[in-house]
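If you're matching them up, the sequences are chains A and B in order.
In this note's numbering, each residue's number is its place in the first sequence (first place is 1) plus 50.
In this note's numbering, each residue's number is its place in the second sequence (first place is 1) plus 3.
Fair warning: there could be bad hints in the mix.
[What the hints assert, rightly or not] Once the Cα atoms are required to be at most 20 Å apart in a straight line, the calculated DMTMM-like pairs of lysine to aspartate or glutamate come out as: (1) A:LYS138 <-> B:ASP316; (2) A:LYS138 <-> A:ASP150; (3) A:LYS138 <-> B:ASP314; (4) A:LYS138 <-> B:GLU313; (5) A:LYS209 <-> A:ASP60.
[To be verified] Which residues of chain A face chain B? A few of them, derived with a C-beta cut under 7 Å, are: (6) VAL79; (7) SER103; (8) THR104; (9) ILE108; (10) ALA112; (11) ALA158; (12) SER159; (13) ALA161; (14) TYR163; (15) GLY181; (16) THR249; (17) PRO252; (18) THR257.
If you are wondering where the hints come from, they were derived from the structure by calculation, not from laboratory data.
Ideal Cβ positions, reconstructed from N, Cα and C, are used throughout, including at glycine.
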Amino acid sequence: MKRHLISAADLTRDDAVLILDTAEEMARVADRPIKKLPTLRGRTICNLFFEDSTRTRISFEAAEKRLSADVINFAAKGSSVSKGESLKDTAQTLEAMGVDAVVIRHGASGAPYRLANSGWIDAPVINAGDGTHQHPTQALLDAFTMRRRLVGRDAGLGKDLAGRRITIVGDVLHSRVARSNVDLLHTLGAEVTLVAPPTLVPVGVETWPCEVSYSLDEVLPKSDAVMMLRVQRERMNAAFFPTEREYSRRYGLDAARMARMPEHAIVMHPGPMVRGMEITAEVADSDRCTVVEQVANGVSVRMAVLYLLLGGSEPAVTAPSRTEETK
Amino acid sequence: MSKTLIRGAKVLGGEAQDVLIDGETISEVGTGLSADGATVVEAAGQVLLPGLVDLHTHLREPGREDSETVLTGTRAAASGGYTAVFAMANTFPVADTAGVVEQVYRLGKESGYCDVQPIGAVTIGLEGKKLSELGAMHESAARVTVFSDDGKCVDDAVIMRRALEYVKAFGGVIAQHAQEPRLTEGAQMNEGIVSAELGLGGWPAVAEESIIARDVLLAEHVGSRVHICHLSTAGSVEIVRWAKSRGIDVTAEVTPHHLLLTDELVRSYNPVYKVNPPLRTERDVMALREALADGTIDIVATDHAPHPHEDKDCEWAAAAMGMVGLETALSVVQQTMVETGLLDWAGVAERMSFAPARIGGLSHLHGRPVSAGEPANLTLVDTSYRGVVDPAGFASRSRNTPYEGRELPGRVTHTFLRGRTTVVDGKLA
């Protein structure tokens, strides 16, 4: 593993499988009465959020706290950043306070890469979503969810997603989730198909390791998992599609469409969902939809990433009896 | 009057000759000239060019003296072998009145390193809505003949048409920054394979090409001439080639960076590669080189765009667009055009001195032949030099070069402005 986690494309197959396997160990911690490991005791992690994202920030915070790290939350709104302080100065200020790792969410694509590679700070950088570029821990938690559901919780250990057919539907152009998932799923051996109106597929997609289709109905019967992306209503005003209703009719997932998926296939969504737009309430609330599981899995996966980047060589999870002793 | 003898230089890359400068003028060109009473510059093996002329420089003064001043910018120009630069109008205040262009003109005179020819804004405040007083700027002491809203496109077709027509009265030219604004909202880099991966807003080639296509047709319709700034795509080359074949009075420039660098560099997210128009693909670079060689593109212009360190030491989206270029332009042209066999040094002289002076209406002063009786505006180049670019040594106030740490060939050893040395042995005089 590299020192930082900036892009899902930075992970080899073995890195990714190691993270998923470690996340399974971490998940067991959540089943214990005391959901805490001493692994990162005495380490300080800063969640540096330049963009509002309560759910991702809380997920990281939960992961950090379960590993016993000290957590500093830095939201750029109302801070010195809004008064014109640069990313560089903010990061250097935090490092001067002794931060051991920075989890960064930023609206500008490439901001985490700059932070990790400009010599501004030494601490490991974990990308919690940058602009329309990458969101690697989201891709990891999605892969974790797929492996559990499609391969099995125990059967999946050590395995990748070879041969699984994954369909990603929606605003690919503006989606860091789509970019991260294409990279990671390809690394894990899955076959990815992107489905979107042509306006929401980037020019240059032809080099991505995936297929592109404009027809959801053609792809659904051949999908083991269908991931619906959020479509922001503002896109309509920029002529990406004519109306919300037309988008829903052509690219939304409703019960009738879900019925055309293979029986074992699952429906995923990174959240937040826009019910009635890309997904109907009926589908969102069905047993096949993994959206709530994805949230739970997010904490396990982020624990695994933090442990592997910061924890060093100690075993991730000590025997339950010892954990009891440390409480 | 002081005399200088440049001994044994390859004039425009040809046979070795001696060039005697007497006062402000070249008095003799030949072999075995007497050095009597003259300072001798031993130039064996070096190439002597007419002083370079840059049709596209941002000197930033007035208003952004933290980036560059007329003095520091002209020192950078002299270091790069230039004897005349055209100063773009996007200053603060904008050079859209006779008062501002005269101020820039006067600052150029005072600097003494390089002649400064101001460019006037086409529209008031570069807003693209109302024509500036183009005639007043032309009649001012600055004698403006080139007008440009560079940095912004004159996107309104009617305003562009009127501007093209209006300047015919005094032989002016509109230099268009071709960028369709709606197609480039939020644009951060060339739209293509790399932008798709990096998740940076795409800047499609068609945003440039559609404006060029429109403007050559407008120029044809009203019988005026148009100059295209920093052409950057293979498609733009095709349109200009077609326009010239039709007899349309169009000229075009390319920057050194578009002859060398591609959008692959943006993968570093280092804003030193952020520029307008954006770095394009390898295919575009090759088409631009070929077009510069065959004359479709008339000139090399630097688009020297200084920015303070903090405007580049940040995340990509927050960074300013532009690169400094005056001090590296000739080296980049040597590497991309001469050492590839696409141009000889006479071809370089045409594209970096004669033609830009002609397009900008300065050819009575600059871009003159290296022969007796001509003004002694000259640049001497050690073409065998190889060196790594170190921005710490720049004369420019800014350091935003994309070539830091890159080896480039060639070095300007002497620059003469009307017989006076502005650069001696590679150092500012």
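Hint check results:
Only pairs whose Cα atoms come within 20 Å are accepted, and A:LYS138 paired with B:ASP316 is accepted, the gap being roughly 8 Å. Between A:LYS138 and A:ASP150 the alpha-carbon distance is near 16 Å, which keeps this suggested pair within the 20 Å criterion. For the suggested pair A:LYS138 and B:ASP314, the alpha carbons sit about 12 Å apart, so the restraint of at most 20 Å is met. This hinted pair checks out: A:LYS138 and B:GLU313 have alpha carbons roughly 10 Å apart, not beyond 20 Å.
A distance of roughly 19 Å separates the Cα atoms of A:LYS209 and A:ASP60; the hinted pair therefore holds under the 20 Å criterion. The restraint placing A:VAL79 at the interface with chain B is violated, with a minimum CB-CB distance near 34 Å, outside the 7 Å limit. Checking A:SER103 against chain B: minimum C-beta separation of about 16 Å lies over 7 Å; hint violated. For the restraint placing A:THR104 at the interface with chain B, the shortest Cβ-Cβ distance is roughly 22 Å, beyond the 7 Å limit, so the hint is violated.
The criterion of a C-beta within 7 Å of any C-beta in chain B is not met by A:ILE108, whose closest approach is roughly 24 Å, and the hint is violated. Proximity of A:ALA112 to chain B is violated relative to the hint, the smallest CB-CB distance being about 27 Å (cut-off 7 Å). Because the beta carbon of A:ALA158 sits about 4 Å from the nearest beta carbon in chain B, less than 7 Å, this interface hint is met. Checking A:SER159 against chain B by beta carbon gives a least distance of about 4 Å; that is within 7 Å, so the hint holds.
Satisfaction of the interface hint for A:ALA161 is found here, the shortest Cβ-Cβ separation to chain B being roughly 4 Å, below the 7 Å cut-off. With a least beta-carbon distance of about 5 Å to chain B, the hint placing A:TYR163 at the interface is held under the 7 Å criterion. For the restraint placing A:GLY181 at the interface with chain B, the shortest Cβ-Cβ distance is roughly 5 Å, inside the 7 Å limit, so the hint holds. A hinted interface residue such as A:THR249 counts as satisfied when its beta carbon comes closer than 7 Å to some beta carbon of chain B; here the least separation is about 13 Å, so the hint is violated.
Interface restraint check: A:PRO252 against chain B, minimum CB-CB distance 4 Å, threshold 7 Å, status holds. Taking 7 Å as the C-beta contact cut-off toward chain B, the hint placing A:THR257 at the interface holds, the least distance being around 5 Å.
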